[in-house]
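Construct the complete structure from the given sequences, taking the supplied hints into account.
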Amino acid sequence: EPEVTQTPSHQVTQMGQEVILRCVPISNHLYFYWYRQILGQKVEFLVSFYNNEISEKSEIFDDQFSVERPDGSNFTLKIRSTKLEDSAMYFCASSDLGKTNEKLFFGSGTQLSVL
Amino acid sequence: QKEVEQDPGPLSVPEGAIVSLNCTYSNSAFQYFMWYRQYSRKGPELLMYTYSSGNKEDGRFTAQVDKSSKYISLFIRDSQPSDSATYLCAMTDRYGSARQLTFGSGTQLTVLP
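Line order of the protein sequences matches chains A and B.
The opening residue of the first sequence carries number 75 in the numbering used here; numbering runs sequentially from there.
The opening residue of the second sequence carries number 664 in the numbering used here; numbering runs sequentially from there.
Just so you know, these hints were derived from the structure itself, not from any lab.
All the given hints hold, so there is nothing to weed out.
For lysine-lysine, the following DSSO-like pairs were computed, each having C-alpha atoms within a straight-line distance of at most 27 Å: (1) B:705 x A:131; (2) A:177 x B:705; (3) A:116 x A:177; (4) B:733 x A:116; (5) A:131 x A:177; (6) B:719 x A:177; (7) A:131 x B:733; (8) B:730 x A:177.
See below:
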């Protein structure tokens, strides 16, 4: 069964450093998303991406964040200067084009720890 | 008022029990309703997807939506220890070219053998 894959599974970084989280969405999907889950809290929407541009973004997704689809298979989330409060599990998701594009398929996540 | 409210549990039941998980919501624009299962330190896994009011059954799982009451439920029949996980409700409206899900806080379920 096709799945969304994310790398790395764990990332430890120092405050102020840049990190790039990587995702390979399901191959025929055209919508891509990043969500995050701070320990013990709700899964929160960050950004959606379609046709090589951001479709929607939340208040969390400030200027420190950026997304990119550098090639035909990868989708990345960059945090420019990490803060302690960026520590969370980051989930990539994808969905197809059409009537069921509400069905999001999630990867297993990247646990980001900012020290 | 929070957009989506879900009883966090934890909920512990014996194997074979019927489990009822519930969410309420305040945004009447929500049209699409989903239940995700999340195992510890893993991503949410789509279990059920429904549009508008009514029931939908898939094996041991039944999703129920009552839009007039802004209430959704997931029933698990003949629960198994492998059903032990956190169950998240999620929903979104019909507008926009990409879907932004709003999640509940999740209900932690343990099914005891």
